[in-house]
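Those protein sequence lines, which keep their order, are chains R and F.
Going by the working numbering, the first residue of the first sequence is number 1, and it counts up by one from there.
Going by the working numbering, the first residue of the second sequence is number 1, and it counts up by one from there.
It is worth saying that the hints were derived from the structure and are not from the lab.
Among the hints, a few may not be true.
Unchecked claim - Straight-line distance between alpha carbons at most 27 Å, and here's what the computed DSS-like set of lysine-lysine pairs gives:
{"id": "1", "chain 1": "R", "residue 1": "381", "chain 2": "F", "residue 2": "190"}
{"id": "2", "chain 1": "F", "residue 1": "190", "chain 2": "R", "residue 2": "26"}
{"id": "3", "chain 1": "F", "residue 1": "190", "chain 2": "R", "residue 2": "146"}
{"id": "4", "chain 1": "F", "residue 1": "196", "chain 2": "R", "residue 2": "26"}
{"id": "5", "chain 1": "F", "residue 1": "198", "chain 2": "R", "residue 2": "26"}
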Amino acid sequence: MADYTPPLRDIRFVLEHLAGLDDLAKLEPFGHADAASVFGVLAEFGRLMSEVWAPTNAVGDAEGSRHEGDEVRTPAGFREAYRHYVAGGWPAVPFDVDYQGGGFPWVVGIAMQEMLNSANMALAMAPLLTQGAIDAIAFHGDEAQKETFLRPMVTGAWSGTMNLTEPDAGSDVGALRTRAVRQDDGTYRITGQKVFITFGEHDLTEQIVHLVLARTPEAPPGTKGISCFIVPKYLVEEDGSLGDRNDVHVVSIEHKMGIRASPTCVLAFGERGDGGARGEGAVGYLIGEEHAGMRYMFTMMNNARLGVGVEGLGLAERAYQQAVAYASERVQGRAPGASPGESSTIIDHPDVRRMLLTMKAFTEAMRAMCYVQAAQIDVAKHHPDEAAATEARELVELLTPIVKSWCTDLAETVTSIGIQVHGGVGYVEETGAAQHYRDAKITQIYEGTNGIQAMDLVGRKLPLRGGAVVRDQISRMRATVAELGGGDPEGDGEGDLAVIGARLAEAVSTLEAATGWMFEHGVADPVEALSVATPYQRLFATTVGGWLMGRSALAARAALDGGSVDGSERSFFEAKVVTARFFAERLLPEVHGLVGPVMAGGRGLFALTPAQLAR
Amino acid sequence: MNVVVCVKQIPDPADPGALEEDHTLKRDGKLILDESDSYGVEMALQLADAAGGGDVTLVSMAPNNETSGLRTALAMGAAKAVLVSDDALSGAGALDTAKVLAAAIKRVEGADLILAATESSDGYTGTVPEQIAAVLDLPSVTFAKHVEVADGTVKVQRQTESGFDECEAPLPALVSVTAGVVEPRYPSFKGIMAAKSKPVDQVTVADLGLDPSAVGWAGAGQEIVDVSPAPERQAGEVIEDEGDAHQKIVEFLDGLKVL
Ligand SMILES: Cc1cc2nc3c(=O)[nH]c(=O)nc-3n(C[C@H](O)[C@H](O)[C@H](O)COP(=O)(O)OP(=O)(O)OC[C@H]3O[C@@H](n4cnc5c(N)ncnc54)[C@H](O)[C@@H]3O)c2cc1C
Ligand SMILES: Cc1cc2nc3c(=O)[nH]c(=O)nc-3n(C[C@H](O)[C@H](O)[C@H](O)COP(=O)(O)OP(=O)(O)OC[C@H]3O[C@@H](n4cnc5c(N)ncnc54)[C@H](O)[C@@H]3O)c2cc1C
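Whenever a hint applies, use it, and build me the whole structure from the sequences.
The structure is reproduced here in structure tokens:
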């Protein structure tokens with residue numbers, strides 16, 4: 001079962017009711033992105049994903065990309081799938097019209113990214129990394145650089161990469177050593193080695209534009225001495241055509257647990273020394289100013305981290321679809337209520353129901369979180385009212401580590417449950433359930449490990465505006481609690497909305513208590529905060545998830561009460577309320593179990609010496 | 001060269017919905033472009049291209065002024081559409097459909113060639129195209145797997161059980177094409193956005209000069225008495241190979257009278 005059906009109905013629900021698509025369409029640049037156009041675009045894109053991309057997913061995993069000489073070959077069907085994607089003009093949809101973009105809101109691009117990732121995450125990494133490189137050039141490049149590089153990258157004719165990691169510089173980017181030496185003509189020569197570079201070499205596009213972090217000879221140590229360069233695989237002539245091969249070459253590719261089709265490359269810059277008249281090293285063009293590279297990375301980080309969260313969402317959705325399909329077919333045992341001697345499909349067993357609803361509820365909460373985050377990115381960038389834009393910007397900052405870590409941690413959980421639903425055959429590769437789990441693991445590691453996200457949350461985000469940004473978010477969630485409480489017509493506290501509201505109220509109180517503890521102890525001693533940052537991050541994220549599911553329930557209830565919904569529409573909204581209640585009653589209470597781990601602080605973490613840890 | 005393509009908009013086969021009281025299919029939800037017709041649209045676009053220009057016009061009859069399926073075909077590259085939508089048409093049979101479509105086709109000026117699918121995916125009576133040809137008094141070629149136009153003539157390779165026939169007809173003519181003969185293009189992002197502003201001429205039965213009381217249930221001269229589900233597919237026969245499997249398979253095929 002390799003089928004993938006784009007979850008267009010739920011995508012529409014989240015865009016309409018949680019992400020505020022109608023309000024976005026009122027913003028200056030998005031006038032043409034009315035709901036009908038957006039959903040028309042998403043439906044056709046979804047068809048391409050399910051018909052052309054999705055069938056390449058298992059093949060890609062089995063074959064992997066291959067390194068041959070100076071080239072990397074992607075698996076069968078990848079070039080064709082990518083060609084369709086570019087021919088349809090899809091890469092350009094959420095980018096600036098000034099550079100051939102479609103000028104659609106970022107949140108629409110994010111819905112497309114979800115489908116790309118469900119269909120084939122390994123292949124989807126090519127556009128994802130290209131997007132990172134586009135952002136860097138668009139935000140910080142000069143006009144000439146934009147003219148030369150942006151158009152072909154926006155259309156997908158050229159791809160991009162992000163070169164941060166080196167053998168001794170992973171989480172600590174500041175430790176990187178790649179050198180950049182300025183030439184008389186203003187260009188630079190780059191020498192050094194980068195590792196783990198996604199789509200660093202491949203056969204999908206004629207040109208690859210590498211974004212490379214490097215250090216100039218007199219640069220100060222650490223992150224303050226990093227500069228950012230454009231290093232194209234082929235130098236670009238005045239007329240935009242491709243010229244000489246630049247001295248950047250693939251050394252090897254990694255053999256990995258998952259996303260095997262995505263080539264993860266060791267890249268050598270200037271190692272062949274065949275720069276000839278141009279001198280030793282790969283030719284690089286400085287973006288912006290020297291030593292400002294890390295600052296630039298920060299401006300792109302929110303987008304990039306959201307993009308990885310969306311990978312988690314995409315994988316969870318596909319694993320869920322596969323699990324439901326299997327559970328509806330597999331006959332085993334007798335379910336409660338079935339007549340004696342009768343066998344049941346496993347979907348009728350209570351524990352299987354629990355698993356499927358867990359997958360569904362988590363996946364829908366992830367979708368809500370990713371899309372709301374993306375819509376806030378749009379508002380922050382384009383809202384004419386400075387206060388509204390600022391509020392959105394703050395929310396984006398706060399939620400970035402939460403979206404990235406929660407959606408990827410949950411991807412691991414949901415894809416793991418997906419295997420569990422399959423039983424023994426889930427553990428067998430042929431079924432395809434295991435691939436999603438193997439693919440999911442990396443999302444917790446790259447683009448800042450989830451541990452690094454937690455440090456970002458407690459170290460940088462909690463202190464924003466003296467803690468007021470967190471407090472604003474808590475108020476927002478309290479307002480939803482109030483709305484849910486008001487949605488109890490019987491007044492007996494037993495209605496769906498009332499129950500959801502009550503559970504959310506408890507969770508928000510718990511988050512408030514944990515946050516109070518973090519402020520009190522974490523400020524006094526950062527080690528205390530760092531020691532418990534991960535459980536605190538989980539607590540925070542799960543509460544935000546509960547809040548968004550509460551808002552989903554409110555919207556669905558309103559639609560049902562609005563009348564004249566029947567058939568599949570009615571059943572969709574009803575399912576939405578049921579799923580939200582499941583989340584509130586069975587998943588959200590996890591937060592209360594995390595208070596203890598948070599308030600335990602740093603105590604005991606260093607009570608053992610490394611020698612004692614080593615047994 | 002101007003090509004008219006008949007395109008039916010049908011309920012999504014993935015979510016077909018239910019039957020109405022009168023046993024007809026519920027068509028009040030969103031309707032999509034029948035996949036069978038996507039081949040005709042693609043072929044029309046290719047033929048117009050090959051001829052060095054001309055418009056592809058869509059013609060459709062569907063309830064509730066539904067245009068979703070038309071937008072898909074417009075996004076593929078068709079230039080415009082005529083949509084007949086009228087409550088009087090509920091209950092229309094194949095002949096009614098043909099009369100209405102024929103009248104709609106007449107509204108399109110300078111149509112050199114009319115394409116339809118061999119059969120639709122929901123109704124699949126496979127009779128509408130020939131009836132349109134009869135109403136319009138045009139030559140009709142069915143089961144086309146390859147179509148070429150030159151010098152006022154359409155040359156068709158017509159699928160048969162044993163191979164194909166080569167047919168020719170003077171233009172204008174009506175040709176029905178079989179599924180899978182061309183690869184329908186995926187609408188592009190630009191195509192979808194452009195389709196929003198392409199003209200869809202929405203007309204009623206009266207606009208077409210037809211009598212509303214002579215079409216639909218009124219004109220069908222028929223009634224659907226009962227609808228029953230297709231019989232479940234029987235389990236296949238499993239042949240274990242004990243050295244004589246080939247013989248058993250031959251016997252099986254012999255029994256089917258296909259050998
Ligand atoms: C498949 C794949 C694709 C990748 N693609 C790219 C790419 O395209 N471009 C690119 O530049 N890089 C890429 N990477 C690299 C990736 O971003 C790094 O692997 C990641 O940042 C972690 O760095 P590291 O591997 O050096 O681990 P380390 O930094 O060595 O981390 C090991 C462990 O220590 C923890 N840790 C480290 N420092 C701290 C700290 N200060 N406090 C608390 N905990 C800490 C981490 O959380 C982790 O659990 C890719 C990696 C993989 C595997
Ligand atoms: C359960 C059921 C039973 C039915 N029984 C009968 C019956 O017994 N007798 C009867 O006459 N009708 C019957 N109908 C109605 C019949 O399906 C419709 O009247 C229909 O218009 C006939 O078209 P078709 O789909 O069979 O067309 P086909 O002849 O299979 O269609 C061939 C091609 O003609 C074109 N075309 C057909 N319809 C349209 C359209 N509306 N707009 C544009 N192009 C079109 C398309 O290119 C299509 O691919 C029945 C319908 C249902 C749901």
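Against the structure, the hints come out as follows:
A distance of roughly 24 Å separates the Cα atoms of residue 381 of chain R and residue 190 of chain F; the hinted pair therefore holds under the 27 Å criterion. Only pairs whose Cα atoms come within 27 Å are accepted, and residue 190 of chain F paired with residue 26 of chain R is accepted, the gap being roughly 21 Å. As the CA atoms of residue 190 of chain F and residue 146 of chain R are separated by approximately 23 Å, the hinted pair is consistent with the 27 Å bound. With a C-alpha separation of about 18 Å, the suggested pair residue 196 of chain F and residue 26 of chain R falls inside the 27 Å cut-off, and the hint holds.
A distance of roughly 23 Å separates the Cα atoms of residue 198 of chain F and residue 26 of chain R; the hinted pair therefore holds under the 27 Å criterion.
Going through the hint list in order, the structure satisfies each hint without exception.
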